[in-house]
Each structure stands twice: as structure tokens, then as C-alpha cells.
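Visitor: Below are the chains, spelled out letter by letter.
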Amino acid sequence: MRSQNLLLLVIVLAPVLGSLLLPLTGAVSARLRNALAILLVLAAVVGSALLVPDAMAGRTQTFRADFGLGINFALKADALAVFMALASSLISAIILIYSTGYIAHYANQNEYYLMVVLFLGAMMGLVYSANLILLYVFWEITAICSWRLIGFFREPMQVLRADKAFLVTVFGALAMLLGFVMLGSQQGSFDMPSAPISVALPAAILILLGILSKSATLPFHTWLPDAGVAPSPVTALLHAAVLVKIGVYVYARLFVVSYIPPEGFATLVMAVAATSALVSAGAALLEHDMKRIIAYSTISQIGFIFLGLAAGNELGLAGALIYILAHGFAKGGLFLCAGIIEHGTHTKDIRQMGGLLKTMPVTAIVFLFCAFSVMGVPPLGGFFGKYMVISAAINSGHLVLGLVFLLGAFLTVLYLLRLFNMVFLGESRGLAGPEGTPVMVGSVVVLAALALASGLAIYWPALLANQAASQMLGIAR
Amino acid sequence: MSAIMMWAPILIPLAGGLLVLPMRGKSGLREIVALLATLANLVVAIANFNSVGTWTGQWVGHGLDIVLLNYQFSAFILAAAASFALLVCLFCFRFMREKTSANQFFAYMLISLAMVDGAVLADHLVTLLFFWEGLLITLMGMIAIGRPGAFKTAVKAFVIVGISDLCLMFGMAMAGLASGTLVMSKMHLPVTDAFNALAFVLMMIGAIAKAGSMPFHSWIPDAAVDAPLPFMAILPASLEKLAGIYLLSRISLDLFQLTPESWLSPLLMIIGAVTILLAVMMALIQKDYKKLLSYHAISQVGYMVLGIGTALPVGIIGGIFHMINHAMYKSCLFLTGGAVEKQAGTTDLAKLGGLARKMPITFACFFVAACSISGVPPFNGFFSKELLYDAALDRHFIFYIAALGGSFLTAASFLKLGHAAYFGKRSSEHDNVREAPITMLLPMLVIAAACIFFGVHNSWPLRNLIQPVLGARLEGHDFAGWPHSMRLVWLTVAVLAGAIMNHIAGATVYGSGINAVDHIHYAPLLKPIYEQAERRAFDPYEIMLDVAAFIARGAWSVDRAIDWVYNRLAVGAAMLGSTFLKLLHTGDYALYVAWALAGAAIVVWYMVS
Amino acid sequence: MRSLLILLPLAGLILLNLPGGLLAGLALPAVAALAIFEIVLAVYLPTAAFPALEQVQQLLHLSTPLDSLARVLLLSIGIVMLASLLVLHATVKAQRRRFNVANVLLISLMGMNGVVLVHDLFSLYVFLEVTSVASFVLIASSGEDTGLEGAFKYLVLSAVATVLMLSGVAMMFLFAGSTDFSAVAAALQNNSGQLLLKIAIGTFGCGLLIKGGLVPFHGWLPDAYQSAPAAISVLLAGVVTKVSGIYALFRLGISVVGLQTFSPVLLAVGALSMVVGALLALRQNSLKRLLAYSSVSQVGYIVLGLGCAGMGGPAGKLGLAAAIFHLFNHTIFKTLLFVNSAALEQRTGTSDMSVMGGLGSRMPITSTSSAIAALSIAGIPPLSGFWSKLLLIIALWQAGLYAYASLAVFVSVLTLAYMLTVQRRVFFGKCREDLLSAREASGGIVLVEAALALVIIGVGVLMPYVMNSFLLPLKGGF
Amino acid sequence: MNALDVVLVAALVVSATMTVMTARLLRAVIGLAITSAILTMIMFRLAAPIAGVFELSVCAGLIPAIFISAIGLTRRLAAEELPARQQERLRRFWPLPVLLVLAIIVLTQWPLPIGLPDSQGPEPVTDLSTLLWNARPADLLAQVALLLGGAFAVVMLVKNVGREHE
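Protein chains in written order, with the numbering used here: chain A, 112 to 588; chain B, 89 to 697; chain C, 44 to 521; chain D, 7 to 172.
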């Protein structure tokens, strides 16, 4: 077991500390730096993958160093954490490979790779952390990284948006920190309890504010569409793989596994998520900026994930996890496709596009498949997630909220196809970009293939997700 | 029954489809592969015909398993689907030969077949849904490879069917909760309470939308124009009808216990009646071979929904019988349309004419199928319609009148179509038109023969295929043979005669077949309505888009309002405070001293008190 | 050994000014050596190395053991002095002025060391004045009108502070018969109900609040910081106000009057400073002025922690530890930010942010270090500022001061907002055309920036070590 | 109360009045220093040597140093402005000496009834040098530093200002 515990440490520290080497490496050779960055992320992927057998067997790995005042460096790898880590690191790895093509012509590449890898490392730390303060530390590191990354192109508007995203998420995070302090005072330590304890409503609400702001859920969502000014791999990373899932994950970690939220809290979350899903889906239908549409779509889909988690039954939890995975692949793919399109046409306004199917056939098909997954069309992964969370909501007796989500799902179909229509179909409006570089197209094809595989081979991810769900509830009940 | 045989109807076409997909060019190999796959599928379907078996596999967990069940009803649908697929495939052997996208067409068709087979075999709601929705992608693909611009129609089809499938998903989840299981053969829900009724309605939406009933129909006429013709013959005409009505029957018979007393029964019947009338009204005025047929494909669904909606054995039997009949004559009609398109180069009725001489066999097939759809005895359509009339009259005469009116207009429109395409004056462009090749004729002939066989010898399909579906609910009835009520038959004949007279009168007045129904088209009250309809004012798709846009605008304003809070309000409030404080800082040291002294005074006062 | 901290600057001052200017060239190195000596001494306090020194120590009444608080301050003084010197070296080229400023820096150093070391209210006051006088001179040392104005405002408010403190000392002396801390503390204990003593505490405290620049006693501070030459604002913001205002307040509270007697005042003043400072910082065009208001705000946090310490109990101890920790952190990051501003001033000739933009690509180290400091000041983990704020919030919460805890949390958003404004307007963004030729600041400044940034990260990341070896003992140390 | 005391108090009043009423800042500072020195002597006479030492440090050493450095920052009045200023000060502060004299008379006749604590106080030390070197050496060092600071202020600032004016 000792080696497994150290493995846990390596998964977290390798990207976090390794990322600091990247600018130095970059001074020597750009290729070396890129290779090292990919290597670091792959370390996280492989490390998490090595933890899967233990997680499947229901064994929990821990690493622990006590610091005093209840602030401890405590890592824990249960099935939930392993699932989440594997999903996010895998997507991040693909996005990073894509970046090597996308980012190659811009300045500040050292900073880019530093931030992306640090981001992933922080995500790993967050996922595995078993201490509230440690979790908060990693939480905010991701905020720093996203701030730098959103403003990557340095245009005034982009920097402004980066600041906005940072401020909104930090506002939420600080509320959450206050909630953590309340919890810490209540239980005398910031370690997450091994057996769930109940949490008072004020603390729960404060923590929820943080979660909502990070997961870009109403009413803290508007930073996410605005953050679309970032480079595409970043938006993919932010929206799809890592950032917005953090909030969802922490919800699962805290309010399902570690603490018992007060009566009616789950319904509140569901209602917020439903409103969020509906409002953002509606906004996506009117928006003209390609990336903003996809971002609104993310907000909307996050609502579905919350629905599954808040439903609280095993089906909902497993569904939410599968949704996280499937949505990660699909949304990552969509953003990277958007990146290819933007790269080729130098615009994000879909009113200026059209007829790109001819010049970008592969991108179009990949785009379509990823969109299918988000819509919940079998055999792609999104189908199972969507069915499971909606079913879970109905099973938990929230029929009306379920119907709101049904409406949200309708709108999802509409806005994604509208987007496809405007971009790829119809007459070309003079913008006919070429297909992306082989690395970029290859990456999106891999993502689309994963989106497909996550549906066709649902059996295996579902095993882990189910194990996680039952472990979560097994602890909670 | 072995697992291999159980899975074969799904895997064989799927493998064939995947094999065909990369075969670009015009090698001819892909046609052969497709043909072999469909043939093998038919063989399997026939081999499985009388066996009963289940297969269960663990899948997602939480009771979301793969459960397949092969029993009488599904075997019947499988066999029918396999037959149509084989015939359409044969038809395409020549029809698609020159098309570059033929590999995609065959692949999508085979995968669609696999999906339909899977959906029909499924005995678990999620398994069903998986295959059911899986059809979406191939549906979209098949339309998209039609003429340029067809992708938009494909998107429209996808949206409509996709949304109804989401309803189905939701309904399934509700039904699963209500019954505590997702295994279809274990579900028997009453529809007395609101929850179950809602579940039923949602699932019904999924079923009838797949079948193409109103208000989920509007993509079909568009697809008729844009998609490759065999698509119409295989999906909207046969496979989707089979699947849709199959599911509708399953949910009405097994999953829910639909009774005539339930308010859901009239609901279904109203949907059916409205679909019959409105769609046939639209069919009547069409000036395009394929588009006219496509409206009939909608209209005829109305009969089936009406029949099943009666919740009477006779109606349900009639509905299912009509389903299989419709699949036959409608695919035959579409194939004749395909033959005409292929040979004459157009399907515009204004440009066609006098083809009966040039393409006698095609015309013969058309004649048989047209008689069938119009309900002319002794073709198969007549017998299923009589059963439906019987059932409709049993519930309320208004439904009967609607059904009969539909028949009148159906007959009128086919008289118009036949007259315009096959008779009348011959266009000089079509001098070189010759009969279609044998691979195209053969499927038509087979189906036409089957139409006659199912009509003349209707006891075979009814007794062997359809009545067993109902099982005990049949209550000993036997609907085979000549209709029981001669009164209804005479009424039918009278209506048909009326249609013929109407046509003769119209054709005489206007001088051509194509304009034979103009007196209806341009009737005082109908004319503006028709004009609106032609402009798609009544297209539910457009209405839905408007509603969605309305919701979206509301959502958008909420979103902007929230953004305003961040971008303006929060910033503004902070700035206001900042500005106010800044104004206080004049830079005057006396003022600062005064503050300090005042502060000190307060502190000292506090300390003292 | 400690007595050297007071004696050596004085000796240095005399040696440097020996007739003939023999050692005049050694002015900067001498101050630097003293600063390093101070750092070494603060970290590693040797015991009774030389008997002779021990005697001097006793003579100077400095025998009371040095507590952690004093050591933290000595360390800060050394670090900031060194930073200030390097900046001075980089920004002031005229030999004569360098020499003069170095001399006054020595006086300032001696004054601050005295403030930290003495255990007598009156001596405290005298050394405060030494520090202040040195500061006036330093602020005005550029000779420009704005510098004079800033120095003048500082002077006027310092005079007010002097009056308040002196009257306070006098009243306490009346009862204690001595101004020694322990004697005054005993007298306060014995005459707890005395009106005069309460007034004395109030007035003395207010004097210190003026020195510390807390709202509403802060009027002098923005002008002084803004108008002082770069090197001097580093020193002022980094350590002078901390020592002369905040440390003295700590000392008064801990060693003399007992924090509980005026903790509500501290809490209120701290909270007010926190909010007002942050709000004012939001709309400043001058980087230095912005940083000055930011100082007001951050000092508010420290005082809030001190107020929390007055609530007693374990939470109070934690609050004290947090306040001291934040004091140190603030010294480091505020010094760094002012060094950044000096770097910018060196290359752009101004501290007006409206003419800057996109300098991140031109001045990478300045930019990066400033981002690190900004994030630290806003309390973003894993940087040092986060931990002190976290401890502070925990302490406030556990002391039952929920409103103050929430306020402290949410002022962090404002802090982040104005710090992001700085980042956006100065570094993060596209480089302005007219600044394309800007280069990274000169070596000394860059060295300071890098070193301080590393300290911020190091303290943040090695928090466990800091906490176990430093903060937890600190908490129990009083 | 002997003659020396009377002389000291009288000198105190005179120097304080002069300090307030002069229009020249430098003179005012000198006046202040003198006043403080006289006050120190009075305190010694009153057997309050520590207070005397404080007074000497603060008012004779420290504050003048501060003020001189402050004066270094100011602009010198032109010669023609001076009489007008002097007139104005006299007009504003003429009651001051009168009040001062009145206060002395009143306070010597009717002392204020303030209840001060019975301070045990330190044992009286009469030797000033002992006091300074043994009791408050730190203060002394600080005083030195302060004086030096004042000196540097004058050196730096006055020169600077002067240079600007040239």
C-alpha cells in the first residue's frame, strides 16, 4: 500500500512542481518543453489509471501529513476521486497535444504551458484532497491559472474578461472559504469527516455559492461565456475538462460524501440548476458568437450534472459521473472544433460563416458527433448520462423540475443544430478556412472517438462510476 | 434460442453497414454487400420467426441492462422490416448506382435496419431507447446525402424526431418509476392516475412521432423532395411506420393498459383523425409525385393511430394490419416514384404524362398500390380500413366520418396522381422513356403481389401475424375474411364512386388530371388556408421554433440582466463608494487633522464610557 | 548583542561623517551591512557572545528577552532596508544625495530598532520621533514640491500624534511613577477604574493609530507614500509605518495595557480601514497612491487581528499569531509592490498607470513578481497572504466575531479587484506603442523583486514549516 | 518660593510670549528652546528631575530639531512682508501675556483641587548627569540621533531648496 500512497503524491506533485520547470525548459528548447508538459500530464493520467484497480475493489488510498490547526496535507483516492481524476487528466492530455499545434504561433508559450500543466496539477490535487483548506488552495490555483489563460492574447477586452472571471470565481470561493471556516469551527478540524456529519444551512449555502461560481451556474455564470475570448484549447480545458467540473465535483465530495446537507437543500440546488439550464440554453439560442454558444451550452449541461447529483440516489450519482465524462469529451471536442474553425476563418461570428462543410469536412463530422453526444443521442456517451440524471430526478420525486430539464434538453438540440447549420451548412459567405493542422484535427478526432466510445463501451466507465456512486452512498447512509 | 441468433438481426446489418461505409467509388461491391446483408437478415428473421427467446446482458448497472426478447410480435415486425430492406436494397441496386454517396446510403440504411431491429427486439426500455434514438443519426445522414441543401431538411428531421425522442426518454423514466422495472414485458401500468397518463402521453409522442403522425410530420414532405428517393421508401414509408406503430401498440397493449374509458383513448383518436384529414388535404393539392406520396405517408398514420386509439380489439387489429399494409403499398408507391424519377428524370407532375404506355409494369404496380391505399376492394388496404371504420364507428360516428372523408380525398388524390403521371398528354421530352430495369421492377412487383395476396387472402396475415399479438384481449374474435358489416362496405364503395365522379368532373372542367381537384384547392374558404399552409404557416416545426425563440428571448434577458449586475451594478456600486470617498480626500491637511482629532475624540470617549 | 542594533547605526553615522569624508564612499555598503547584520540577528540570536556587550545592554535597559514579535519586526526591518538600499542604488545616481540619504537611513534604522527593542513608554516615544524625523527628511529628500507637501502633511499629523502620545505618557507616568512597561502595566492593573488612565490609553493609542495610518487617521499616508522617492516609499510602506504605528500598538497592547481594554476600538478601526482603504484604492491613477491605500486596507487587517487577540482565549491567541504573520507578509508583499513601482518609475519615469500598459512582455520579472505580490495581497492561495488571512478569519470566526470575519473575507474581493486593475493597466495586455522600448529594470531591483517573490511563494508553500516552527510557538508565546 | 523662582517664572513668561508672538519662525524655535530650558530648571527646583529630563529632551532637543527641519521646507518671507506679519501677530496675540500673568497670579493664590495619586515615585536624584547616563541612556542616544537628523534635514533640504531657487 505504501507505494500506492506515494503514487498519489506523485500524481499531484508531478504536474504541480513540474509545471514550474516548463518556463526554464522553454528557454532551452520549445520541443523539449512541449514534450515535458505532455509527459507531466501523462504522468497524472497513468498514475490515476494505476489507481483504478484499487478503486474498483473499494479500497481507498490515502496520503497524509499533519500540519496542525486542522489544516493538513491529506490526500484520499476513492472511486469518485479516481474517476474524476482519470476523466479530467485524459481530456487535458488530449487538449495539451492539440495545443502544440494551436498555440505554436503565439507569444508567451512558456506561460501557457506552465499554466495549463499547473492547472491540471491543481485539479489533481483538488480531486484527491481530503482536507477543506487543501482543497481550497488547489481551487484557487486553478483560478489563477484560468485568469492568466483567459487573458492569454492580451487584448484589453480579454484581460477585462479574465479579471471578471477571476473576480466572480474568487467571490464565490471566498464565500466557500467562510463556509469552510464555519465547518472547521464546528468539527474542530478541516479534514473531511470519514463518516458524514450534518452541516448547518448557512455554511451549506456559502459553500454552494463557491460551487456555483466555479461551475458557472446561475447566477454566477456570465463569466463563462465571456471567458470564450481565451485560446480554444484553454476554453476547452476550462469549459469541458476541468474547471467547471470542479464545482460539480466538490458538490459531490462535500454534500454527498462528507456532509449531510440540511433539509430541502438538494431541492434548492436542483431548482437553481434547472433555472440555469433553461436560461443558458435560451441564451445559447440567440447568441451569435460560436464559442459563447458552446459556453452557454456548458452552463446548461452543468445543470444536468447538478440535477443528477442533487437527486442523490445511486442512479443520479452514477449518471452525473458518466455525464461528466461524456460531456468532457464532447464539449472538449466542440471547443477544439471551434478552435479549428476560428483558426481557419479568423472569426467567431456565426453570421459570417456558412458552407464550411466543404472545406472542413472532418471538423464538421467531429463537431456533429460531439454535438450528438451533448444532445444525448445514442450510441454516444451523453445519452446514458442524460437518461440517468433525468430518470434519477423523476425517481427522487421531482417531476416538475425534470420537465424543466426536458425543455432544456429540447433547447439543447435546437441551439446545437442551429450552430451547426449556421457554420457548416448553407452558402459560403466568403470565409472558407482550410482544415486545421494534422495534430489539431487528429486531437478532435480522438475526442470524438472517445465520445463515441464512452457510449458504446459504457460498460467499463459505468463500472467505475457505479462503484463510486455506491461508495458515495455507502458512506453517506 | 441462441444468443447469436438473438443478436444476428442487429449485428448482421450493422456489420454490413460498417463494411459498406468506407467503400467509395462505383465498384458495385457495396451493392452486393448490402444485398447480402439484407438477405442474410431476412433469412435470420424467417429462421427466428417461430422461436421465442430472451437475452439479458449487464450494461450500465442500476437495472439498465440489455434485454432482448424475440416473440411473435417482434418476429413479425422483424420479418417485415427485413423484407422491405431487401426489396429496397434490390431496387437501389440500379437506382443508386451512379450516385457517389451510395456507400453512405447503403451504410445508413443497413445501420437503420439494425437499429429498428434492435428497437423491436428490445425488451428493456433503455435498450429500446438506445436503438430507437440511434436511428436519429442515420436518419439525418440519409437525408443529408440527398440533393444539395438537403442537410437543412436533415437537421429539421433530426430536431423533430430528436425532441420527440427526448419525450419518449422522459416518459420511459416515469414509467420505470411507476412500475418499478424497466423490463417491458413485466410492465402493466394502469393509466388512471395523472402520473401514468403523463408517462403514456410522453411515450406516445415518441412513438407517433417516429411513425410520422401530426404534429411531428412536417419533415417528411421536405425530405421527400430533398432526400434520395429510396430513403422515403425505406424509412418513412416502412421501417419507421413499423417501429412507430409497433411501439404504440406495445405501450397501449402491454406497458399501459389503455382502455376505451380512459381519456387517452379519445386523445389518440383525435390525433389520428386530425392527421388523416389535414395530411390528405395537403396531399390533394401537391403537384409533385414524391411530395404527394409523402403527405399520404402522414395521412395513413392517422388511420393506424385512430385504430389503436379506439382501444378496441377490432381497432387495434385494424391499426396493425393497416401498418403492414401501408408499409407495403406505400413503399411500392415510392418505388414507382423512384422508377419514374430514374427513367423520366423528374417527378414534377406538370412535366409528366402518358407514362402508362412507356412503363406498363410500373404503372401496373402503381395501380395496385393506389387501389390499396384508396381502400378499393379486394386489395389489402380495403380490409384494414374496413376494420378501422368498424372500430371508429363503434366509438363515435364523427371519427368514422373523418376516416371516410380521408378515404374520399385519398382516392381523389390518387386519381389525380395516376391521371397526371400515367395518362394525359405525353410530353415530348419523355419520348425516350423506357421501362425500368428488372432489379427495380422486381421489388415493385413483389410488393404489388403481396398487396393483392394480403387483400384476397387476408386471413393468412390476420390469423398468423396480427391477431396473435392481441392474445387474450382478442376475446375470441376473428377478423379474417370479408368485412362483417355490408352497410359499411357499401358506404365505402359509394365514397369511392364519389371520388371517381369528382375526378371525372374536375378533369373535364379543367381539362387535365393534374388540375382535377382545383375546385377543392381554390374553394372559397380553403384557398386562403391552403396558401397559408404552403407558406408553412401551420408547420408545427416553425411554430415550435417561434416558441423556442420566445423562450430564448426571455432567457436572454434574464442572462443579460444578471450580467448587468456584474458589469454595471457591482462595479458601479464600488465605484460610487470610491468616488464618494475620493471626494472627501481634498488634500487639505487641516481636514485630515480634524479627522484625526475627531477620531481621537471618539476613541477617548469610548474608552471613558 | 541587541544593543548593537542601536549603537552601530549611530556609530556608523559618526564614522561616515568624519571630517575629510574618508569613509563617505562606504555609505551604502555600510547600511547594507547593518541591514544584513540585523537579518542575521533576527533569525539567529546569539546568546551572550561578548560580556562587554551584555553590560551595554543592561545599561540601555534592553535586557528583557526578545520575543517573537520583535524578532519578526527586526527581520522585516532588515529585509526592507536592504531592498530600499538596492532601489536607492538603482534610482539615485548623484553621489552626494546617495550619501545624505544613506545617512538619514541610518538614523531611521536606529530609530526603528529602538522602537522594537525598548521597554519604556517614553523611550518608545522618543525613538518613534527619531523614526518620524528621519522619514520627514527622507520623504522630502527629492527636493520636489510634492515631496515637501507629503512630508509636511506627515509632519503635521505626526505633531498631532506627538501631542496625543505625550499626554498619554504623562498621565500614565502620573500613576506609575515610571514609564517602564512593567511598571505602567502594574499601575494600570492597580488603578483599573481610573478615568485618567483610560483617557491616557485612548490618547496614546490614537497617536499610534495616526502613525500607523489607519482610517480616519490616515490623511497623511497617501500623500507621503506617493510623493516620496521610490526607495523611500519602499521603506515607508514596507516597514516604517508598520514599526512606528502597528508594532507600537502591538507592544502597547501586549506588554502594557492589555489588548482587551481597547479591542473593540481596534476591531472597528481595523474594519473601517480595511473597507475604506480598499474602496479608495479602486479608483487611483497613480500606482503608488493606489498601493498606499492598499496599505491602509491591509493594515486594517492586521489591526483587526490585533483586536481579535483582545478577545482572549485560544481564538485570541490565534488572532495575534495571524496579525503578526500578516504584518510580516504585508511587509514583504508591499515592499515588493513598491519595488515594482520603482522599477516602473525607473523605466517609464512615472507612476501614473494611465500611461502604462502591456509592460508584462517588456519587464517579465517585474510583471511576474508583481502578479505574485498582488495575488498574495488579495489572499489567493497558495501564496503567503492567503495563510495569514485564513488564520485571521478562523480566529475571528472562533472568537464569535462573525460580522468582522465576513467583512474580512469579502474585502478580499475588493482587494483582488484593485490589484487586478493594476495588473491589467500596467502589465497584462498589449504593449503600448510608446513603451515598446522599455526594458527590464536594472539588476539590483530585479534581484530584490525575484528574492521577495520567492519569499512570498516560499512562505506560502512551506506554510507547514512556517506554521509549526514559527506561528504555533508564536501563538503560545504570550 | 524664593527670588530665583520668581526670576525663572518671569523669564519663562517672557520667552514663551516671545516665542508665540514673533513672526520669524527661526526665532520662535529658539524661543521655544529657551522656554523649555527654563522650564527644566523650574522642574529641578520642584524636585522633579525626571520630568525635567523629559522636558529637556523633548522640548529643548527634539521639537526644535523637528521644527528646524520643517522650517527648512518653507519659503522665506520677503523683507517687506515681515513688518505686516509682525503687526498681525501682535494684534492677534496681545491678550496672551496678560492672560499668562493673570493665570500665574490666580494659580499661586488658589491652587487647583486635583486628587492625584499618592505616587511613591522614584527616589529623588539630583545629579543630572547620573540621571541621564544611568537612568535614560537610550533616550540620550536617540536625542543625539534626532539632532543629527535635524542637521541632515537642514543640509539636504535647505540646500535643495536653495538650489531650486537659483
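Hints should not be assumed to be uniformly reliable.
[Said to hold, decoys possible] Calculated cross-link-like contacts (lysine to any residue; reagent style SDA-like; alpha-carbon spacing at most 20 Å):
#	chain 1	residue 1	chain 2	residue 2
1	A	K469	B	R235
2	B	K446	B	P401
3	B	K240	A	R462
4	A	K459	A	K469
5	C	K360	A	G179
6	C	K473	A	L271
7	C	K473	A	A215
8	B	K375	B	K670
9	A	K469	B	G237
10	B	K670	C	D395
Calculated directly from the structure, the hints in this document are not laboratory data.
Visitor: Now, for every hint given, state plainly whether the structure supports it.
Guide: Hint-by-hint comparison with the structure:
Note on A:K469 and B:R235: the hinted pairing holds, with a Cα-Cα distance of about 15 Å set against a maximum of 20 Å. At most 20 Å may separate the alpha-carbon atoms for a hinted pair to count; B:K446 and B:P401 exceed this at roughly 45 Å. Restraint check for B:K240 and A:R462: the C-alpha separation of about 16 Å stays at or below 20 Å, so the hint holds. Between A:K459 and A:K469, the direct Cα distance comes to roughly 18 Å. Compliance with the 20 Å bound is thereby established for this hinted pair.
Proximity of C:K360 to A:G179 is assessed by CA-CA distance (about 15 Å); at most 20 Å being required, the pair is judged to hold. A hinted pair counts as satisfied when its Cα atoms are at most 20 Å apart, and C:K473 with A:L271 qualifies at roughly 12 Å. For the suggested pair C:K473 and A:A215, the alpha carbons sit about 19 Å apart, so the restraint of at most 20 Å is met. Annotation: proposed proximity of B:K375 to B:K670 is violated, straight-line Cα distance about 77 Å (limit 20 Å).
The straight-line distance between the Cα atoms of A:K469 and B:G237 is roughly 12 Å, inside the 20 Å bound, and the hint therefore holds. Pair hint B:K670 plus C:D395 holds up; C-alpha atoms about 17 Å apart against a cutoff of 20 Å.
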